[in-house]
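Peer 1: Here the structure of chain A is known, so what remains is to put chain B in place on it, guided by the hints.
First to last, the protein sequences are chains A and B. The opening position of the first sequence corresponds to residue 2 in our numbering, with each subsequent residue numbered one higher. The opening position of the second sequence corresponds to residue 2 in our numbering, with each subsequent residue numbered one higher.
What the hints contain is simulated information worked out from the structure, not anything from laboratory work. Every residue, glycine too, gets a C-beta built ideally from N, C-alpha and C. Incorrect hints may have been included.
Said to hold, decoys possible - To give an idea of the interface, some chain A residues facing chain B are shown, with a C-beta separation under 10 Å as derived from the structure:
id, residue
1, Arg-18
2, Val-22
3, Asp-26
4, His-75
5, His-104
6, Val-205
7, Pro-221
As the list claims (entries may be wrong) - Take a look, some chain B residues computed to stay more than 10 Å from chain A by CB distance:
id, residue
8, Gly-89
9, Asp-130
10, Glu-252
11, Thr-327
12, Ala-368
2 protein chains.
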Amino acid sequence: MPYFDAASAAALHPVARQALVAALDEGWADPARLYREGRRARMLLDAAREAAAEAVGCRPDELVFTPSGTRAVHTGVAGALAGRRRAGRHLVLSAVEHSSVLHSAAAHEADGGTVTEVPVDRTGRVAPDAYAGALRADTALACLQSANHEVGTEQPVAEVARACREAGVPLLVDAAQSLAWGPVPGDWSLLAASAHKWGGPAGVGLLVVRKGVRFAPQGPADERESGRAAGFENIPAIVAAAASLRAVRAEADAEAARLRELVERIRARVARSVGDVEVVGDPERRLPHLVTFSCLYVDGETLLHELDRAGFSVSSGSSCTSSTLTPSHVLRAMGVLSEGNVRVSLPAGTAEEDVDRFLEVLPGLVAGVRERFGAPGGAPAGGGEESLVVDALGRRCPIPVIELAKVFGEVPVGGTVTVLSDDEAARLDIPAWCEMRGQEYVGERPADHGTAYVVRRTS
Amino acid sequence: MPYFDAASAAALHPVARQALVAALDEGWADPARLYREGRRARMLLDAAREAAAEAVGCRPDELVFTPSGTRAVHTGVAGALAGRRRAGRHLVLSAVEHSSVLHSAAAHEADGGTVTEVPVDRTGRVAPDAYAGALRADTALACLQSANHEVGTEQPVAEVARACREAGVPLLVDAAQSLAWGPVPGDWSLLAASAHKWGGPAGVGLLVVRKGVRFAPQGPADERESGRAAGFENIPAIVAAAASLRAVRAEADAEAARLRELVERIRARVARSVGDVEVVGDPERRLPHLVTFSCLYVDGETLLHELDRAGFSVSSGSSCTSSTLTPSHVLRAMGVLSEGNVRVSLPAGTAEEDVDRFLEVLPGLVAGVRERFGAPGGAPAGGGEESLVVDALGRRCPIPVIELAKVFGEVPVGGTVTVLSDDEAARLDIPAWCEMRGQEYVGERPADHGTAYVVRRTS
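Chain A extracted, bound-state conformation:
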């Protein structure tokens, strides 16, 4: 049963499993104790720190183990902001960061700090110049992911790190998605990562703070992990995390090349065989194992359910698959279609046959969902009223776009269709539909109980 959601969590690597089970017997005691069980635990912890530091490319005393990648980000952002409080309270980040970074920024804002979000282009990438332009004299910290978790686009970390150095601002890199594939390039100041993304166990994150970076840990004091990660050390999991990072790195180049080809195949075949689909993210400067596409006239949750029934586990940034009913902030920031969104992230070792089978079943499943929603089939014909209004109030994605597409052929070239909708996804998906169809998106205006989106037929 193929699992294609490695970007969310990877199954335990065999090396991690072996190391974890062995360390359960050797690494359960308190490493601060002087007796033999404590000394043994301390040795395991020290060795794991050295191995992890080597993989990251830092000194062992710059690296601490946290209970998760999320905690590494929370601790790193809060500690760096507090350490630079004298410089100011301004935080810079990209618009497509992981929620752990966004939530840290929101907490900072609620506490009186200021935040600048650097926008991204349609591939999900920040422009180094734009990022550099956001840095100010009172900027305490800048954050940038090494690669995006939803669309796989690599960020220009080295260039941004250089700009940050020049401005005297520390850069925190969220390397959760890329650390398995290699060290993060450039002269960054802080780094956070998460072991379960590379096949390590849950319960382990990494936080690196380069020597010389001002850092003031927040919250109650605790002497463990240089005062940066409170609580009893989870040594068996830490040992497994370090061992598996080393193991995946040994296989990384060969596996990246193999998966890159499989992803290339998905990108090409989906665009060809599904139809009315937008493959998003940078096609070249990207993670080797991840591809995301959005299918017009498709409900993301239904498609995920169909794929699950067919044996494929994938995820989605569509609004209907989230508890908040808003589309992924990443897709929104990129300005791309969010409906029928599917993220495929291949774990190391993914079999070629499984990818081929996925590509075989996908078009039929998408067509089935579209049929169920009554999605329009043919091309617009034209000839009726100059302007039409479609009332999709109270209807969720993908219905508003489907209703738009259904009547679009009824207005002549130059005419307009206005869609009334109170679904948050429509704000993203109606302009995206226009982009895909080569039609003109005129704009939106408030309407009773929702928003009116106006589209002009240009062909």
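Peer 2: Then chain B, alone, in the frame of chain A:
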């Protein structure tokens, strides 16, 4: 090789190990995902929550899993204080809480809150009346451990919980040391615990917040674990924690009775066979498996080292075994001897023979350490100067007390010995020596480069 430091960390229970290894295969995926691996992980998490809640005696939706017991305390204290901010910013706790509670209180004070520490008696126990008397109209939260981690004394939680209810103040119970033995009695409001104390894995704490208790989680938002424990859930460890709690509970009554007898044996035999020893903590209202004693004229670190060489792993609250060179705050609050301090905490399943062997080797090891330090042997003889001054400046525990004892026989009954010392432990150990010897402790006064401690010979 007998390990007698269960209060610090217990080796993994066989049930925990089995559950952990099984859940590595079934519980690694993101439980928020809709596909089968996610659903399976969610089922494991839900079942673990139900099992843990049943053992605690709460509703499953009142319990969240945190990355450690320390984090459960930090989160619980911060969230309860913030939730009751309107009531005031006063925090009450006992003087002998675990460092995670004390550090939370220090952070609260640094943030402008006020803290009252309720003192304990010589057994380490708070008086319910004194605790109730510390509650004020602006008290936001009260904290009390279920049993002390260093001396094993049980606290009157049910009585204190009643007083807190009457005052309308929520009570947070740190149940880290006692949860293995049974549910915490009384009408408490919040509870924190740590799995590795009961033979569960590292990386799992419990935080219980009763329905109706005002609680405002601090730090960046995260939707997992009811917003009370950020980060990817460590489901294999959580499953193992819940399974082992259930398992140790099934054996708890029988094992408690057995260990209680072994501890009784240690209490009696140490007092008889070691000499110049103070067995501390409540002899009856105590944890079944834990006993602590302090040996006059002995350096705690050296004794621990000797015990380790003899194959016994124990811990100590002596100043010389801590990085801060101050004696344990628990022993200090109790006003008992801190030098040569040894805590023995027996893991479930401890063999009677190991305890007997410990009792056989201990007197010889203590005598050896005393000899090495030149500790006085016989009883005071008397007859010299009316008052003597001993300069122990720059000397560490146990030297100041040894120097006092050496010359004490030289002053006549009614005469005084003044000890000059700059060692923090002397402040506790010189009065404790007087108590043990039935001599009068006159008091202390500042002196050049340290403190002068005055003792009068009364017999």
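Peer 1: Hint by hint, say whether it matches the structure.
Peer 2: Here is what the structure says about each hint:
Here the hint on A/Arg-18 is kept, as its CB sits about 6 Å from the closest CB of chain B, short of 10 Å. Taken as an interface hint, A/Val-22 checks out: its beta carbon lies about 6 Å from the nearest beta carbon of chain B, inside 10 Å. Using the Cβ-Cβ criterion of 10 Å, the hint placing A/Asp-26 at the interface with chain B is satisfied: the shortest such distance is roughly 8 Å. The closest approach between the C-beta of A/His-75 and any C-beta of chain B is roughly 5 Å, which is under the 10 Å cut-off, so the hint is satisfied.
Among the interface hints, the one on A/His-104 holds; its C-beta lies about 4 Å from the nearest C-beta in chain B, closer than the 10 Å criterion. Given hint, A/Val-205 at the interface with chain B, holds; its Cβ is 8 Å from that chain's nearest Cβ, closer than 10 Å. Hint on A/Pro-221 holds. Least Cβ distance to chain B is approximately 4 Å, under the 10 Å limit. The non-interface label for B/Gly-89 is consistent with chain A: the shortest C-beta to C-beta separation is roughly 20 Å, beyond 10 Å.
Every CB of chain A lies more than 10 Å from the CB of B/Asp-130, the least distance being 29 Å, so the non-interface label holds. With a cut of 10 Å on Cβ distances, B/Glu-252 stays outside the contact zone with chain A, its closest approach being about 19 Å. The beta carbon of B/Thr-327 is kept farther than 10 Å from every beta carbon of chain A, the shortest such distance being approximately 13 Å. Interface exclusion of B/Ala-368 from chain A stands, the closest Cβ pair being 21 Å apart, more than 10 Å.
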